[in-house]
Amino acid sequence: MTAVTDAPHRHRPPRAARVVPLTAARLLRVELRRNAMPWVLPLIAALFWFDSYRPSTGQPPLWVLRTFWNMGQGGTIIDFGPFVAGVAAWMGSRDGRRGTFDLVTATAGPRWAAQLATWAATAIWAVAAYLAFVSVMFGVYAGQGVQGSPPWWWVAVGAVAVTAFSAAGFAVGAFFPSRFAAPLAAFGGFLAMVLSSQTGFRSPSGWALILPTNSNGNYQPVSGIFYPYLPDLPIARVMFLAGIAVAAVGLLGLPPRAGGPWPRRAAAVVMLAGVAAAGTGVGLADTARLGSHGMVIPALHDAASDRPIRYTPACGHAAGVPVCLNPAYRRYLTDVTAALRPVLAEVAGLPGAPARVTQVAGMYSSGTGEAGPPVTIGGRPPVLRVPLDTLATLPGAIGFTATRETTTQFADILRALAVHAFVGAGAGAGTSAQQAVQAALLHGAGLPFAAQPKLLAIARNGQGPEPGPAAGPVYAAARRLAALPGAARHAWLAAHLAALRSGRLTLGQLP
Amino acid sequence: MTAAGIRRPPPATVPAPAARPAIAGVRLAWLHAVSRRAPAALVLLAALGGLLWTALHWHWNIAGGPAAKQLLPLMIEAGAAAVIAVTTYGPFGEPERATGRWLPWLRLGAAIALTAAAFGALAAGATGGLLPGGTLALLRNLAGMAGAGLLSAVAAGGAFGWVGPMAYWLVTESALAAGWTTPWIWPARPPHDRGAAICAALVFAAGAVAITVRGARTSARE
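Read top to bottom, the protein sequences are chains U and G.
Position 77 of the first sequence, counted from 1, bears residue number 77 in the numbering used here, the numbering being contiguous throughout.
Position 158 of the second sequence, counted from 1, bears residue number 158 in the numbering used here, the numbering being contiguous throughout.
If you are wondering where the hints come from, they were derived from the structure by calculation, not from laboratory data.
Incorrect hints may have been included.
Covered stretches of chain G, going by a simulated chain U footprint (3 or more residues, C-beta under 8 Å) [what the hints assert, rightly or not]:
hint	segment
1	173-183
2	195-209
Computed spacing ranges between beta-carbons, pair by pair [what the hints assert, rightly or not]:
hint	chain 1	residue 1	chain 2	residue 2	range
3	U	Asp302	G	Gly120	53 to 59 Å
4	U	Ser205	G	Thr182	55 to 61 Å
5	G	Thr182	U	Gly320	33 to 39 Å
6	G	Leu130	U	Ala46	58 to 64 Å
7	G	His57	U	Thr287	46 to 52 Å
8	G	Trp102	U	Ala24	26 to 32 Å
9	U	Leu272	G	Thr182	47 to 53 Å
10	U	Ala24	G	Leu28	43 to 49 Å
11	U	Arg98	G	Val26	28 to 34 Å
12	U	Asp302	G	His57	43 to 49 Å
13	G	Trp102	U	Thr57	30 to 36 Å
14	U	Thr57	G	Thr182	18 to 24 Å
15	U	Ala46	G	Phe92	47 to 53 Å
16	U	Ala46	G	Arg214	19 to 25 Å
All values reported here derive from a predicted model rather than from experimental measurement.
Positions of the beta carbon are idealized from the N, C-alpha and C atoms, including for glycine.
Next up, chain G with everything else stripped away, as it sits in the complex (with noise of 0.2 Å):
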């Protein structure tokens, strides 16, 4: 009987030096994605895009003119950016941040990642029917709601960073109601509009950007 044996490992699990750094990176986001529920996230998104899907093929309408028809479309892509928001609470907390190294490169690639996964959700889910302004809108509309989401969850903290999408929908339903057309309330704008692209993005980048160097803020209260 001897231990020598055991401690040596599968030949198979061993894998080639060069291929070592490469795998630890993989790993290592896939273990962040998996500490912040995106693969739950992703599901929610899916189910999101045929929510949309659903809305649109069976003409899920408020009465009034071409803005109430924006509203349940918008709606549904705030619900997607709050999704991406929440993504960035961190169970961890401050052992995470002082000893991950790539921790900010890791939340900007989770928030760009879902990001682009709920466009590609919400984008087939758009093909149930005619979405207002069509798929150059909604990447506007999403990129900057998510935007707000990330900003909200480095004010408010990843757990509420879903209220700055919701925030954002209830302020557009009343602009759009009323008629106004800064280009800050994008969905007012056609999709081609160049200032309301610009304003979505400067959102999208400042969360970005807000969520990699500062991270989600965390507080007791979560």
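Bound conformation, chain U alone (with noise of 0.2 Å):
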């Protein structure tokens, strides 16, 4: 008997406290392996390289332009989401399409841990691909020479947008048990994805900002360039999507059938929990307020994320001028010079002619496009700002339109904002007589009148309706200063330059 009270006592767990684990690992083993989402990957992978990748290559090799449509416009998310709620639905159906609740019902478990151990098996397949599927996309980009920054709390977004998809689809199959319960709530996430995108492009604030496709006000192209993508927005979305995903799940745990009472009123807190949640995220969302570069939520902004992008430029030389840009546009740092080189060459000497041209970062707007500070000079000695982010005008194609932005175009419009500024004509049309002197310099930088009205329609407004001809007294004041000789024309301008960017100059007044 004492060999027995004398023996050294080994600590060891309860047997329950062990086995609880092991089999709910063994159940989740199972459940992945006995899973549906993996027959339906293939498809989501072809859809993903047409719908979400395919489009983008198009796009100027900047992150943010090339993840602007399938992250900023949540395109991974529509890709993957409604898929994976039909996939979710048809295992959360399991029990009833089967006839085997009662079976289930009566095993020792709560039946709340087993429907969780199927859900999270579907949801870990759909996350795990969805991360997969960016993971290559991003790779690819990486390859191609893509600068900038990857948006990373986007694809954190499109992950926990992915879950919620898996939950919420999961749920309407346990309540709904049927053949049709996959394809309604495949056929719901669409519909709700197309909704979020009808209120998304409406919206430029307020509630509405917390739906994943909605990209006003809060992606557009100084982000990731000249300062960090801001967080504030990305973790409203995430605890609003997680909050849809654990009130889903909470929901599942209501029934009686669910289990006993202390399991029922886990679950009930749970999904108060992910109520909670979901509303706190819309709540926040509704507070955020455009900032110069991005969207602001007082309550979660880190004013460490206001801090630019350090970079040392590319710089390169356009009739003598130093021409710089951020390094991540150094691709199209030659585009630039041989742009501004006609225009520089035509105003050199001039007061206030560029002494340097410089490319600085836009300002967000309220829109899905940015129109920040139009190209301005300023300072001494005078630098010409060129914020070359908020032109969308980068030679390449554009988005879905397929309409290559030409070279020439480019040039053509940058030429035009740089004599713009040049006159003093600032953010408006101008008076008539800078408007005169604009195209009597656009013409000697080597852009034909005619061609003119067209183009700087497109400058100021981007692709509209077509402009009148270049006629008008405006004109005729131009061709006018345009046909003297090249020194007395430089001379006039030199005598004239202040006046004319005051805006005391008038049409009568021109040569």
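Assembly of the complex is requested from the two constituent chains, each provided in isolation within its own frame, with the hints serving as guidance.
Listed below in structure tokens is the structure:
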């Protein structure tokens, strides 16, 4: 008897405590092996390539532009989410379709735990596939030399969105077990995304910013190049989507067949926590305001995110004037110098002529496109500041339109904007005299009068209705100025530029 | 006490000898439809018609050009095609195949009847407003997508037949945005376009033939 009492006591965990995690792990492994999600992944991969990757290849090689559709407007979520919801609904409806409710309810463990294992396996497959596909896509982008930095926060939003779709779809299947549960869950997913796009395209502020397809005011080209992507809105979206997932999972545990009183109480708490998280996310998004480089949510904002990204500019020369760009735009340096060369040569030696050209960061606007400050001239010595990211005219195809932006059009627009800044016309069209001098200088820089009205309209407003011909008093005065000998024109400009920029010069005072 | 009378059926339930095959045929078709949940499918198709009516009446449009205006009606048509595809799922498997002499014709009949019902429901829903392309485009788009659904049911199983129309809708969305005009993306072509109509008809015919001959694939995953 003493031998027993003297034996060293070994602290062993209770049997049940060891068995439960092991059983859960085995259950999860079985569910992973028996899951239907892998069967749909090849189709999703093909759609992902077709709908998310393929259209992006026409965009300029900057991360924020390449990923505008597939991350900024939630394209990858549209490709993934509804299919994941459909398959999850199929998995969730399994017991109901097979009529095994009574059988599984009589087992030792709560039904909710078994459902969680099935859902977890479905979600693991879906999220792992999402991350794998996005990784491959980003790897291809990196191999293509895409510049800037990847939008990691939006990847996190996508992964959580896929989780939310899986949970919501699973709940649909569990509560409405039928062969129609899967197509209805998928259809509901697509409908939600379409209506989300409809609302998102129209809503640059307010609660609608929570929608993962809404890029209004929160995914513009200054991000990832001059400033980091602001994580405020993605964090709110993660809260919202995670809340939906948690609420759906909690909902599964509420029916009496899900388990005893304790699991059901726990499920109720989980569901309420999910609803609270989702509501908090919506509330936070509602407080968002547009900052100069992204959406700021005061409760979530970290001032460290406002620090600009340091860089060493890439420089060249045009007509003896240094032209410096952000290194992310290095491949456009030749185009920019070639575009500005005739303009800089035309105005060389005149008062206020740029001594340097430098690329500056644009500012966020409330729309989907960026409309920050125009090209400006300022400082001593004068510097021509060019926010290239606001132009949306980089050589290359633009998004879905398949309309290739030619190098010639890019150059002409840049010349027009530079001359517009030089004559002091500001944000509008300028005075009649400023318009006439602008037209004469553009003509001197190689842009025919006939082509100018359309080009100026595009430079100011993008593609729009066809403007009128290059006629009228403004173009008549411009033609007279352009007809002067170069030295005479130069001398007249040197004498009158100050008055022209201040707006005091009238059209009749032109030579 | 004798049981002799019980074995004798009541006179009213005994069909006339000539009517028996017809009634049996109707009963077989009805049982097949019920086993495929066709009544529930009809309810869903009617609901999709109602959704189309609501979307058109209340102008649920995506911002953008004419292509964007097609997306929602096309999605509802894809939903109807998905419902048709899922009805091909049969719970009986091999025994049904082994004993059902009329099974291929029943499958064909069910697919065509449900497609016709879907067209009727959506055409009724289209009265809610201006449907892009009109009824002719609706028939073409729905038939083509139903064919895609039937083909995917043959390839992936009846339970997963819905992935075909949904995937087609997603491809169409991208193609419309890119301005593609290939006839295989039939919603991108005008309603009277012959090439698009031929492509949609071919896909529907291929789906109908495949579902008749092969039936929906039976998978252990189902």
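Hint-by-hint comparison with the structure:
1. Counting residues of the segment 173-183 of chain G whose C-beta lies closer than 8 Å to any C-beta of chain U gives 5; at least three are required, and the coverage claim holds.
2. Beta-carbon proximity to chain U at under 8 Å applies to 0 residues in the segment 195-209 of chain G; the threshold of 3 is not reached and the given coverage is violated.
3. Look at Asp302/U against Gly120/G: about 58 Å separates their beta carbons, and that is inside 53 to 59 Å.
4. Taken as a hint, the range 55 to 61 Å is violated for the pair Ser205/U and Thr182/G, whose Cβ atoms sit roughly 39 Å apart.
5. Range check, Thr182/G to Gly320/U: Cβ separation about 52 Å, and the 33 to 39 Å hint is violated.
6. A hinted range of 58 to 64 Å is violated for the C-beta pair Leu130/G and Ala46/U, which are about 34 Å apart.
7. For the pair His57/G and Thr287/U, the supplied restraint of 46 to 52 Å is violated, since their beta-carbon distance comes to about 35 Å.
8. Checked against the given bound of 26 to 32 Å, the beta carbons of Trp102/G and Ala24/U, roughly 49 Å apart, lie outside it.
9. Restraint check, Leu272/U to Thr182/G: a C-beta distance of roughly 51 Å satisfies the suggested window 47 to 53 Å.
10. Between Ala24/U and Leu28/G the C-beta distance comes to about 48 Å, which sits within the given range of 43 to 49 Å.
11. In this structure the supplied range 28 to 34 Å holds for Arg98/U paired with Val26/G, their Cβ-Cβ distance being about 30 Å.
12. The supplied range of 43 to 49 Å is met by Asp302/U and His57/G, whose beta-carbon atoms lie about 47 Å from each other.
13. As the Cβ distance of Trp102/G to Thr57/U is approximately 52 Å, the hint placing it in 30 to 36 Å is violated.
14. Hint check: Thr57/U to Thr182/G, Cβ distance near 19 Å, so the stated range 18 to 24 Å holds.
15. In this structure the supplied range 47 to 53 Å is violated for Ala46/U paired with Phe92/G, their Cβ-Cβ distance being about 32 Å.
16. For the pair Ala46/U and Arg214/G, the supplied restraint of 19 to 25 Å holds, since their beta-carbon distance comes to about 23 Å.
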